[in-house]
Every structure is written in C-alpha cells, then in structure tokens.
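All chains, full assembly: derive it from the sequences and hints.
Here is how the chains run, residue by residue.
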Amino acid sequence: MMPTGSLDLARQDAGLSQHELWIRYFALGGMTPALELEAVCHGAMVATEFDHDRIAHALNERFTELGRNHPVPYSQDLGESPSPGHGAGPASR
Amino acid sequence: MAVTRAPEFIGAVRVNDGVAVVTLAGEIDMHSAPMLHGLLQKALGVGAPAVVIDMALVSFCDAGGLGQLVVFEKALREADARLSIRAAPYALRRLLDITGLTHALHVEAATAADGLLSVDLAAAARLPLTRGVLDAALKLVVVMAQAVMKGADGVSITLPRGGRLGTVAASNDVVLQMDHDQYDTGQGPCVDAATRGEGFTSPSLESERRWPQFVPRARARGIESILSRPLMASQRPLGALNVYSRAPDALASHEQQWAIQFAEEASTVLMASDDTSTAASLDAEISDALHARETIALAQGLVMARQQLGPEAAHRFLVDISRRTSKPLLGICQAVVTSASRPDSDGATSPGTYVEERA
Chain G
1 MMPTGSLDLA
11 RQDAGLSQHE
21 LWIRYFALGG
31 MTPALELEAV
41 CHGAMVATEF
51 DHDRIAHALN
61 ERFTELGRNH
71 PVPYSQDLGE
81 SPSPGHGAGP
91 ASR
Chain B
94 MAVTRAPEFI
104 GAVRVNDGVA
114 VVTLAGEIDM
124 HSAPMLHGLL
134 QKALGVGAPA
144 VVIDMALVSF
154 CDAGGLGQLV
164 VFEKALREAD
174 ARLSIRAAPY
184 ALRRLLDITG
194 LTHALHVEAA
204 TAADGLLSVD
214 LAAAARLPLT
224 RGVLDAALKL
234 VVVMAQAVMK
244 GADGVSITLP
254 RGGRLGTVAA
264 SNDVVLQMDH
274 DQYDTGQGPC
284 VDAATRGEGF
294 TSPSLESERR
304 WPQFVPRARA
314 RGIESILSRP
324 LMASQRPLGA
334 LNVYSRAPDA
344 LASHEQQWAI
354 QFAEEASTVL
364 MASDDTSTAA
374 SLDAEISDAL
384 HARETIALAQ
394 GLVMARQQLG
404 PEAAHRFLVD
414 ISRRTSKPLL
424 GICQAVVTSA
434 SRPDSDGATS
444 PGTYVEERA
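First to last, the protein sequences are chains G and B. The numbering of the first sequence is the numbering used here, which starts it at 1 and goes up by one. The numbering of the second sequence is the numbering used here, which starts it at 94 and goes up by one.
Quick caveat, the hints were computed from the structure, so don't treat them as lab data. Each residue gets a CB set at the ideal place from its N, CA and C atoms; glycine is no exception. The reader is advised that the hints may include incorrect statements.
[Stated by the list, open to error] One-sided excerpt, in silico: chain G residues whose CB lies under 8 Å from chain B: (1) ALA27; (2) THR64; (3) HIS70.
[Claimed, not checked] Derived contacts from chain G toward chain B, CB cut-off under 7 Å, selection only: (4) ILE23; (5) PHE26; (6) GLY29; (7) PHE50; (8) HIS57; (9) GLU61.
Here's what the structure looks like:
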C-alpha cells in the first residue's frame, strides 16, 4: 500500500487543486464524490484498487502533461494481485 | 368596502384615515388575476396618497401576480401616491428578495409580532440558491419586465450553460425562437451583449446591417426592433436580457431605462446565487468531463465485447495502453471508438494494436 497521504502529496506536486483532480478523476469514469476523494487522497478512506488506479491515472496524465513520467504507482505496482485484465492486451506482448 | 370573492381567493379594499388598504387572502394565480386587477384598479380609483396591500393571508403568488404589483406600484408612483406591502408571508418575502423587489415594492420589514418569521428569514438568506430557484427567479424578472415595458412583445434572459449560450427564461415561444436564431447564426444583439458586455439596440431591423444572417430570420418571425442589455458580474459579461418588439421604434429611452434596471436585477439574482464566474466555468468543466466519460465508457464497452473482458478489466486494458504510450486515456478511447465506426474495421483487430499503430 502507498504511505498515508501520498496521493495528496502527488496532487500537490502535480499542481492540481482538489477540485481539478476530482474533475479529471470524474472524467475518467470515477464515481466517488469530491469530498470522499479528498478523504481517500489523505488516506482517511480506502479506495478500491480499481478506484485507486483511476486516481493514479488522473494524476499521472497530469504529470505527463508536465513532461514527467508516471510517478504515481498503480495497484499492480504496489504488490497487489494482478488484475484479470492485465496481460490480456498488447501490454504483455 | 368593496369585496371580491373567488373560490380560492378573496380581497377587499377599504379606506382608513386617508389610506387605501387592500387586503388579499388565498392564492394569486391566473384564475384570480382578473380579480386582483379589479381590486387594484379600485384602490387606484380611491385617489389616496398611500396604498397598503396586506398580504398576510396570501398563500401563493405567481409571477403574473407579482407583475401586477409592479405595474400597480408604477401607476401609483405616476399619481404621486405610495405603495407599501405589509405582512407578506415568508415564501413571498423570499421571492421578493430574490427578484430584488423588496425595495421597489416597499415591502415593510417583519414586525416583532412575527419574530419567528425573521429567524427563518435570516436562515433562508444564507441558503444557496439552487439552479431551480435561480431559474424561477429569472423567469419572474422576465415576466415583470414584459409587464412593465409597454413596447415589449417578449423578454428573455440568455446565460452560458454547458459551455454555450442558452435561454434560461423567456416570456413566450417567439422570443425563445429568436434567441435560438441568434445562437445558431452566432449573430445578433443578444449574442453580442452577452459576450462583449455592452448594450445593443436596433430600433428598426429593416435598416439594420450589423447581423446579416440573423436579421432576416427575426423579421420572418415578425420582430422589428430589439434591445439587449448585458448581465454583468464583477465587471465580466455573463449573459443578456433581451427585449423584442413587433413594431419598429417601440423600444424608446423609457424602455431602455427599464431594461437597464431589470438587467441589473437579473445580475443581482445571479450574483446572489453563487460566484457566477465559477458557476459558468464549472458548468463547462462538468460538461466536458461528462463527454469524456461517455467516450471512455463507449471504448470500454467495445473492448469488453472484442476481448471478452469484464468492465474493470477492459478499463485497465485501456489505462495500460495510455500508461505505456503516455497518451491521454481519452485520446486512446477516441481512437478505439473511431476505429470501430470505420467501415473497413473488422472485429478481429485489437483496439490496442490499432491505437499503437496510430499513436
């Protein structure tokens, strides 16, 4: 698991406001309300792996815009069991 | 004392120490509107220097009723008499507050006798205006503006919604169509007022040369003169109040003054509703985000079907591509959707391969 509050540190590092992050996460199909997303970022609530990956991806897309690599780990990078979808596509070829 | 009665409305006019007192009770709506009109005419006919309308027992008042009160106040003022409204119940006070009429109609402050009411009012003043309340308030502004302006055949309010201009309140269908003609052509006084923050007047469309695509459409709908005033918040143009007339030169300086006043009222309503600049851009943001979600969901569905994956796995599949190619997920999904709609697309092609070829 990521250290508590590290998603929020990443958000600050990416120069996104709470609201901006929520809009990006929402655009990626996220369903968690803005206030709860804030709680998740601060580590006060635990997101599902799937939701964590959406938040991570919203942050990583921002980092890409800033010319940086994808510094926020996805659930599979955190030693979670690989998702059933992983490996099915060209990613594993 | 003259008494008028209808099934759900009753009103009376009496004269007390030189003051005409109109007492109203029940519902003021389209059914009771003619009776209200009759009562107000009687009160006007008294010729008293002051008229008090007691609304303590009014349970409902629609926009038309408020419009009548505005017209009545104007008639009294022209006769050097003064109107005041007494004991307006909570809901009506709130409505008058929102529409900025509390001052214009001289609504008396709540007295000690209704102390509880004042507490409620204080709480209500802090309540944010929801979009429904906001639209209702703007609709009232439109109805009253049309009631007051003699030359006006229609009044509307334009605001940006979802990133583009739209009509949020219109006094009739012709006005609504007129607004849409302007959004469609991207031309017209309403579009210019809403985007440039200046007033635009066209006293006669016959000789109008500024909006060549819009003007013929307006004239085809029987409109001959137009007046648009910007709605402003913190010196930024936010929308427009539009007045249309079927007669040329019908919107004289008197109407222009009213239009300025009603545009100010509508701006006040908007500013009371929220920080409107934020609200407008939030609208656009949410609309864009919803559009992105739709595309992503569509691509996810295609991947589910082609790769025989569940929803989460399909989403991860797309995120993986986005991650490896450092292309935004939305772009990947747009490519997937586009590839699916190409006539030469065969189901066997993996969307991932397709995207990678193109990426």
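| query | Hint by hint, which ones does the structure fall short of? | reply | Of the numbered hints, all hold.
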